[in-house]
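A.B. asks: Chains as they are written, first to last, in this note's numbering: chain F, 1 to 212; chain L, 1 to 212; chain P, 1 to 212; chain U, 1 to 212; chain D, 1 to 212; chain Y, 1 to 212; chain X, 1 to 212; chain S, 1 to 212.
By construction, these hints were calculated from the structure, which means they are not laboratory data. Any given hint might turn out to be false.
Said to hold, decoys possible - With a Cα cut of at most 25 Å, we get these calculated DSS-like pairs of lysine-lysine:
1) K71(Y) x K211(X)
2) K211(L) x K207(P)
3) K71(P) x K207(L)
4) K71(X) x K207(X)
5) K71(U) x K211(U)
6) K207(D) x K207(U)
7) K207(Y) x K71(Y)
8) K71(F) x K211(F)
9) K207(X) x K71(Y)
10) K207(X) x K207(Y)
11) K207(F) x K14(F)
12) K211(P) x K211(L)
13) K211(D) x K207(U)
14) K14(L) x K211(L)
15) K211(L) x K71(P)
16) K14(S) x K207(S)
17) K71(S) x K211(F)
18) K211(Y) x K71(Y)
19) K71(U) x K207(U)
20) K71(D) x K211(D)
21) K211(S) x K207(F)
22) K211(Y) x K14(X)
23) K207(P) x K71(P)
24) K211(S) x K71(F)
To be verified - Here are the in silico distance ranges between beta carbons for each label pair:
25) A210(Y) x E49(U): 53 to 61 Å
26) Q18(F) x L69(X): 51 to 59 Å
27) D109(X) x A58(L): 54 to 62 Å
28) E57(Y) x K207(X): 31 to 39 Å
29) P12(S) x R54(Y): 49 to 57 Å
30) Q67(P) x Q27(L): 51 to 59 Å
31) Q27(L) x P74(U): 40 to 48 Å
32) Q18(X) x R123(P): 53 to 61 Å
33) A58(L) x A25(S): 33 to 41 Å
34) P31(D) x Q27(L): 56 to 64 Å
35) Q18(D) x R123(P): 51 to 59 Å
Glycine residues also receive a C-beta, built at the ideal position from the N, C-alpha and C atoms.
Protein chains: 8
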Amino acid sequence: LRTGFPEAIWGPGKTVTQIVEIMRAMQQREPVVMATRITPEVHAGIQAELRAVRYFEAARISAIAPQSLPKNCPGTIGILTAGTADLAVAEEAAITAELSGFQVTRLWDVGVAGIHRLLDNRRVIDQSDVLIVVAGMEGALPSVVAGLADVPVLAVPTSIGYGASFGGLAPLLTMLNSCATGIGVVNIDNGFGAAVLAGQILRTAAKISAKN
Amino acid sequence: LRTGFPEAIWGPGKTVTQIVEIMRAMQQREPVVMATRITPEVHAGIQAELRAVRYFEAARISAIAPQSLPKNCPGTIGILTAGTADLAVAEEAAITAELSGFQVTRLWDVGVAGIHRLLDNRRVIDQSDVLIVVAGMEGALPSVVAGLADVPVLAVPTSIGYGASFGGLAPLLTMLNSCATGIGVVNIDNGFGAAVLAGQILRTAAKISAKN
Amino acid sequence: LRTGFPEAIWGPGKTVTQIVEIMRAMQQREPVVMATRITPEVHAGIQAELRAVRYFEAARISAIAPQSLPKNCPGTIGILTAGTADLAVAEEAAITAELSGFQVTRLWDVGVAGIHRLLDNRRVIDQSDVLIVVAGMEGALPSVVAGLADVPVLAVPTSIGYGASFGGLAPLLTMLNSCATGIGVVNIDNGFGAAVLAGQILRTAAKISAKN
Amino acid sequence: LRTGFPEAIWGPGKTVTQIVEIMRAMQQREPVVMATRITPEVHAGIQAELRAVRYFEAARISAIAPQSLPKNCPGTIGILTAGTADLAVAEEAAITAELSGFQVTRLWDVGVAGIHRLLDNRRVIDQSDVLIVVAGMEGALPSVVAGLADVPVLAVPTSIGYGASFGGLAPLLTMLNSCATGIGVVNIDNGFGAAVLAGQILRTAAKISAKN
Amino acid sequence: LRTGFPEAIWGPGKTVTQIVEIMRAMQQREPVVMATRITPEVHAGIQAELRAVRYFEAARISAIAPQSLPKNCPGTIGILTAGTADLAVAEEAAITAELSGFQVTRLWDVGVAGIHRLLDNRRVIDQSDVLIVVAGMEGALPSVVAGLADVPVLAVPTSIGYGASFGGLAPLLTMLNSCATGIGVVNIDNGFGAAVLAGQILRTAAKISAKN
Amino acid sequence: LRTGFPEAIWGPGKTVTQIVEIMRAMQQREPVVMATRITPEVHAGIQAELRAVRYFEAARISAIAPQSLPKNCPGTIGILTAGTADLAVAEEAAITAELSGFQVTRLWDVGVAGIHRLLDNRRVIDQSDVLIVVAGMEGALPSVVAGLADVPVLAVPTSIGYGASFGGLAPLLTMLNSCATGIGVVNIDNGFGAAVLAGQILRTAAKISAKN
Amino acid sequence: LRTGFPEAIWGPGKTVTQIVEIMRAMQQREPVVMATRITPEVHAGIQAELRAVRYFEAARISAIAPQSLPKNCPGTIGILTAGTADLAVAEEAAITAELSGFQVTRLWDVGVAGIHRLLDNRRVIDQSDVLIVVAGMEGALPSVVAGLADVPVLAVPTSIGYGASFGGLAPLLTMLNSCATGIGVVNIDNGFGAAVLAGQILRTAAKISAKN
Amino acid sequence: LRTGFPEAIWGPGKTVTQIVEIMRAMQQREPVVMATRITPEVHAGIQAELRAVRYFEAARISAIAPQSLPKNCPGTIGILTAGTADLAVAEEAAITAELSGFQVTRLWDVGVAGIHRLLDNRRVIDQSDVLIVVAGMEGALPSVVAGLADVPVLAVPTSIGYGASFGGLAPLLTMLNSCATGIGVVNIDNGFGAAVLAGQILRTAAKISAKN
Ligand SMILES: Nc1ncnc2c1ncn2[C@@H]1O[C@H](COP(=O)(O)O)[C@@H](O)[C@H]1O
Ligand SMILES: Nc1ncnc2c1ncn2[C@@H]1O[C@H](COP(=O)(O)O)[C@@H](O)[C@H]1O
Ligand SMILES: Nc1ncnc2c1ncn2[C@@H]1O[C@H](COP(=O)(O)O)[C@@H](O)[C@H]1O
Ligand SMILES: Nc1ncnc2c1ncn2[C@@H]1O[C@H](COP(=O)(O)O)[C@@H](O)[C@H]1O
Ligand SMILES: [Mg+2]
Ligand SMILES: [Mg+2]
Ligand SMILES: [Mg+2]
Ligand SMILES: [Mg+2]
Ligand SMILES: [Mg+2]
Ligand SMILES: [Mg+2]
Ligand SMILES: [Mg+2]
Ligand SMILES: [Mg+2]
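One chain only, chain F, in its complex shape:
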């Protein structure tokens, strides 16, 4: 991977034919090619044309990638979700990170309304080098995690919720206004972007290590 990250296609609004064509072109340049927000139906269409494409259902990602990926650089990305409904966004982050050659630890369903489940799994926080925290509804989890963690926290608001959630605006504002320090926020539902930023952080760490 030239830049350290796979080439990625944003699926929505593209036909199967368009995605297949772009994937074919990218394949010339890069060992790993992926498309996000792919429904099972669209994936079936892609695979009929490109046999090598694998589907990561929970992540809604279709990808062409070698069965075993070379390790990108040291460090672990911990990925947490507040609820089970946030899983699709979290898996988008996890699979993107793994396809980029990073090591990932998952911790689902540790929302702040049941704070002890989070505290009982504190070791995931303590053993990660960068954290991606995914939460919809009130989006309060990143604040609590950043208070416990001594590493960068990337907060991903999700559109999970209803009523005064206003399509993810509520958790987005929550995360931007966090009273904890050490939090960077990405767009609503942007698991992919959080994974690339987390990877960028680990790669930077590797570069600094190498320099010193």
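Starting from the structure of chain F, add chains L, P, U, D, Y, X and S with the ligands where the hints point.
C.D. replies: Relative to chain F, chains L, P, U, D, Y, X and S with the ligands alone:
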């Protein structure tokens, strides 16, 4: 107190003369009369006219009330804040509740970015019969508290914050979208309203008790 | 019921298979299990797998529950709606409360544009220990009811309306800005949440009674 | 009055000199000239130049007008407010209407949280030919009044309130979404505009009368 | 017609069966019964049950009404639209007014981008006693019309538009901020409400005439 | 002028000393230097340091410029305002254009509520090569002008207004949603930007002319 | 072409029959007739009735136009997009311009995240007389282009994006707040409007040329 | 420094006495203590009490810190601004980072409207290990920088701007919607938060280094 609560004047936009006049009129009908959002300067003006008026500075409340108030009904109102900047709103709630004859326990500065301070003071949550949780910025505290508590939680968003807080909109949305159950929300900075609702809840308990 | 409330599943975005699976798991722990926002079609699918599941059509709730529920604690929850279109949200509240073992009184269609229908039914207000007031469009009913009532009022804005209702934002703001005291607001369409908070209030009352 | 209404100057952002100049020019064409949103200080400045100018303090209006105005046309404009804080806007409407030669009945402080005070004064509603209803905070009064009245109701939201009132947005949305029929809404704090529209309605009556 | 207006049902979200039932019940009390926002498919369903129901396709209204309606009271309601796409809302107003026994003059497609078409049809403005002006997109027509007219103008914003129209918010704000006087605004797409208010104005005129 | 436009300083938030310093530096490079949003007080401070600075009070611009400016290129910029309160923004555009060497025609106070005043001055529209149309409140003027004109129309929303104007949001949306074609919109109150764009259009015209 | 531009029909919400009818009527008056936002299905329906209609698929435009269009006036319109997903809006602009007889240069996919691709194609910017810049997501391209260009830049925000894009609000605000000068903004997705304004600018050049 | 960062006080809304008191308490625990958003006047007050306090005027920070700070960990933080008006926020970030012992490189005034100035200074981008990019108005700079950089980019929107900037909302949305990858966003004007997150990233590198 006929309704169980003092008559209250909303201070902003009223002159000293107007407040004094309304207080004099109310004093005829009610043993406790209070005005909210009163600056020290305005209070000085009021007191020049009405010697009996006391000032609760942290709460920005001026009140005429007997030195020792009769107890309204059994039960304790726990009042928590996320930050020290939320104190003015929390004290507005606390003094309103006390002037109404309720027993109050205060717990300041237990925001979610330092979750252990909250957990270390858990007994305040466990020993209260109704909780008022005051928070600005990301407003996440009520969710955590409601997850720990087995009593009604009244959430008060404050206008403390800046930027994407949009005058308290951020914590307001957070509280409305809480994934914890058992939370009722009041207007931004409305400590007074939360205290009356909390009092109303305790009085309901007393009424049901009497019926059964 | 350990916490005094049934375990609840948020239906939207879940497949029949997922709901059935979660219900089966919950059934091990709790006597009452319910799922909200369930369409008749989804319910049919659930029932094909779980014969014991009952459907509360107006409430859009599927539940596994003993035919006669033990009484949770004393007190009555009065539930009012402004219009008939608010009924689905109100029934979500009512059935949730009843499945939790509380006594419920219903009063539909007493919107403020016909104030006398509300006044003619005043006894529902007077005989309830906590009120849930459900209203869409301009959402003015909770203010009037809280003015008449001497008990806590839980206000539920609904997404019923069009144009400048902005998906329930209008009644939500109305309720937050109420000039009446003693009102707590929940998220748009959140009948379930209002019922749990109402139940929480009655249970707290029972606990205080027991202590005194 | 050619158009049946006085010429009006919008005060804010204009210097005393500018207002005096415009008033002098208008005086040539029209018997009644008025300026709105005038503070006592600005009025003092105007009056130093134009002796004939009278000040309507509660309405914040400065006007040149004959001591007794000729009656414009038959009919009565009833003006109601929800709170006393809405008085400045309501008086802007009342004085504008009176300076235009219309008969006005005032009814202050009949907000929906104390519905009986409104009902006790129902005769003001019944005896008016057009109603102007002024309300801030949740702005629910016009809905109740329109339900009781059989005449046009003009709703004026005010910027009175705080927090989630968002400068009058809350009562504005409330009034636009009213489930009562027969309501027309004007801009936030626009007492002047409501008075002109009310006058326009009464003058239409006079014209139809004349035609038939 | 007791109140001078037909009983009206809001169609969206109701089944054919529900609408038929409500219509049957209303028919007992009132000579004219109508339902708004009815698609051709829903109307077909209604008519299969209630033979007497007529369909006003452009207005999306189903109604039971005598073939020739008695005249309600003197005066003419002029209804204007800015574009042809606003026609459905305008016809909702027109048919509601006609079913209430008022006389209506229609003038379509006189948007401000072609101001001469409006001026060429000025006689519609001059010969109406109250005007309903329907406009989407930028919603500027009511301002121009109110400047030309000497009668009340009722402004109806529509959801016609795209992008920064935000579902009708743009024309709504335009109309509320009009620099012309004599304008009352109703909810987005609320042709029905504008017609009732216009009718209310004419009926009030008739009442005043009768008194004098 | 190298780029055909003066160097410009955005005044707000800068001290007199800072503005003087930047002006001195710019003077080395450019014959015309200007600063916008300058109060009379700030100007006095600047002039105490830089004697050559002239003040354009209505435009709130301080500028160093030769008494007679060389003509930039052929063509006339017509500038219109809806109200007199929009004058400061319009003069900002006019003086910017004149300091850039363009010919300007001014037409103030031709708002759509008095359409005949605009029509009576139609020759300003017909004789301009590009039009800048400045309007606050409902912002409807650009639509009418673009319908009459056969040249580009640059629309400038202003923050003049109150209530539902929301700081100029209302006229901004109006202008973006115009049903007339040939309109480009700039930021609220951005008279300067509109003038530069108008000048750019005339200079482009001159370049095309030269090429052909 | 009388006005220099084809007659255009806004497709959404119109039936095939309505579009065919309007096209037939327009054909009497104008040599070029076009309809925008036409799906392939709708076009098929139109063509079954009007054989001469051609379809521009990428632009979603159906048009009746002579095979070779006479040149409208000198000058070139450069059209740029940030991403490939913005292509439909950009082609709407391009085809509208071409059907109006203007010369167009296209440059797709030069978004600011890969600034060198833009710089490598700078000659498109340098050789155009007016630029249309189409961008969704963060909408930053017009600022960079306007900094490089010495001609008018027309910015078209698109609804391409998700989450905090809020349907195109994000790029719209970006473009309105540009710190580059010489930018005029049109409505979200309004390629048609940008093309007409660009054409209007070129035609102004021709008129000034003729005058001098 | 225990956590690697100084203790920080949020200045706004605190009196000199309160700030002094908190600083005194913190000084017991930590070698570096700082307060943000401090005006020169407030600083003067603080220094009268605490002689050791230094003022960083451009950053609006008052701090107690040893003259030479020990280096925290390897790596350089590059800080860029789009305009000079963004300097206060950028300096808040820079001084916070320096007080935390990190090495900082500053690059001011490289906004996207003059892209060559940024490209000419590319070596700042290439030689930094993490970048903080500060921008108001349209906020487009982080997108361009993230496209050029191969390290994490922390984007700080500022409230610099007017009109449709809506207090920093415009650049905030721009940054969240960036089509470049590797960007994390913090609250409007939150230079402090960006510095802590950048420091957190460098410290992670050091920790990974130590582990490997
Ligand atoms: N701080 C407060 N927040 C919300 N409502 C208040 C507050 N203080 C007083 N009120 C309410 O405002 C009403 C008095 O308003 P006013 O008549 O304007 O003084 C009282 O009846 C209270 O219900
Ligand atoms: N209608 C409802 N409104 C709000 N919250 C609900 C509703 N139904 C269920 N819940 C909550 O959602 C949680 C379950 O979410 P989930 O795990 O996604 O099924 C439950 O614990 C309830 O607290
Ligand atoms: N309080 C008010 N609210 C709304 N419009 C007003 C008000 N006072 C004056 N106006 C209108 O503002 C116009 C005068 O504005 P101006 O020319 O700026 O003084 C008058 O023609 C009135 O229609
Ligand atoms: N894609 C478009 N975007 C904006 N305006 C358009 C578009 N297509 C057509 N129009 C305008 O819409 C008008 C036709 O609207 P209509 O009468 O509803 O077909 C035309 O005169 C054009 O000015
Ligand atoms: Mg941390
Ligand atoms: Mg709880
Ligand atoms: Mg009450
Ligand atoms: Mg009525
Ligand atoms: Mg008029
Ligand atoms: Mg034109
Ligand atoms: Mg340029
Ligand atoms: Mg990068």
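A.B. asks: Please go over all the hints and tell whether each is borne out by the structure.
C.D. replies: Hints versus structure:
At most 25 Å may separate the alpha-carbon atoms for a hinted pair to count; K71(Y) and K211(X) meet this at roughly 17 Å. Distance check on the hinted pair: K211(L) and K207(P) sit about 15 Å apart at the alpha-carbon level, within 25 Å; holds. A hinted pair counts as satisfied when its Cα atoms are at most 25 Å apart, and K71(P) with K207(L) qualifies at roughly 19 Å. Restraint check for K71(X) and K207(X): the C-alpha separation of about 15 Å stays at or below 25 Å, so the hint holds.
Restraint check for K71(U) and K211(U): satisfied, since their Cα atoms lie roughly 20 Å apart, inside the 25 Å limit. For the proposed pair K207(D) and K207(U), the alpha carbon gap of about 13 Å is at most 25 Å, so the pair holds. Proximity of K207(Y) to K71(Y) is assessed by CA-CA distance (about 15 Å); at most 25 Å being required, the pair is judged to hold. As the CA atoms of K71(F) and K211(F) are separated by approximately 20 Å, the hinted pair is consistent with the 25 Å bound.
At roughly 19 Å between alpha-carbon atoms, K207(X) and K71(Y) fall within 25 Å of each other, so this suggested pair holds. Pair hint K207(X) plus K207(Y) holds up; C-alpha atoms about 13 Å apart against a cutoff of 25 Å. Annotation: proposed proximity of K207(F) to K14(F) is violated, straight-line Cα distance about 37 Å (limit 25 Å). With a CA separation close to 16 Å, the supplied pair K211(P) and K211(L) stays within the 25 Å bound.
For the given pair, K211(D) sits about 15 Å from K207(U) by alpha-carbon distance, which is consistent with the 25 Å threshold. Between K14(L) and K211(L) the CA atoms are separated by roughly 43 Å; this puts the pair beyond 25 Å, and the hint is violated. About 16 Å separates the Cα atoms of K211(L) and K71(P), which keeps this hinted pair within 25 Å; it holds. For a cut-off of 25 Å, the pair hint linking K14(S) to K207(S) is broken: about 37 Å separates their Cα positions.
At most 25 Å may separate the alpha-carbon atoms for a hinted pair to count; K71(S) and K211(F) meet this at roughly 16 Å. Proposed proximity of K211(Y) and K71(Y) is supported: the alpha carbons are some 20 Å apart, at most 25 Å. Restraint check for K71(U) and K207(U): satisfied, since their Cα atoms lie roughly 15 Å apart, inside the 25 Å limit. Of the pairs offered as hints, the one joining K71(D) and K211(D) holds, with about 20 Å between alpha carbons and a cut-off of 25 Å not exceeded.
Under the criterion of a C-alpha separation no larger than 25 Å, the hint pairing K211(S) with K207(F) is consistent with the structure, at around 15 Å. This hinted pair does not check out: K211(Y) and K14(X) have alpha carbons roughly 44 Å apart, beyond 25 Å. Taking the CA atoms of K207(P) and K71(P), the gap is near 15 Å; set against the 25 Å cutoff, the hint holds. For the hint linking K211(S) to K71(F), the alpha-carbon distance of about 16 Å falls within 25 Å, and the restraint holds.
Our hint of 53 to 61 Å for A210(Y) and E49(U) holds, since their Cβ atoms are close to 57 Å apart. One distance hint, 51 to 59 Å for the beta-carbon pair Q18(F) and L69(X), is violated here, with the actual separation near 30 Å. Hint check: D109(X) to A58(L), Cβ distance near 59 Å, so the stated range 54 to 62 Å holds. At roughly 35 Å, the beta carbons of E57(Y) and K207(X) sit within the given window of 31 to 39 Å.
At roughly 39 Å, the beta carbons of P12(S) and R54(Y) sit outside the given window of 49 to 57 Å. Range check, Q67(P) to Q27(L): Cβ separation about 58 Å, and the 51 to 59 Å hint holds. Evaluation of the 40 to 48 Å hint for Q27(L) and P74(U) yields a pass: the beta carbon distance comes to about 46 Å. Between Q18(X) and R123(P), the C-beta spacing of about 56 Å keeps the proposed range 53 to 61 Å intact.
A58(L) and A25(S) have their C-beta atoms about 19 Å apart, which leaves the hinted 33 to 41 Å range violated. P31(D) and Q27(L) have their C-beta atoms about 58 Å apart, which keeps the hinted 56 to 64 Å range intact. Hint check: Q18(D) to R123(P), Cβ distance near 29 Å, so the stated range 51 to 59 Å is violated.
The structure does not agree with the numbered hints 11, 14, 16, 22, 26, 29, 33 and 35 stated previously, though it agrees with the rest.
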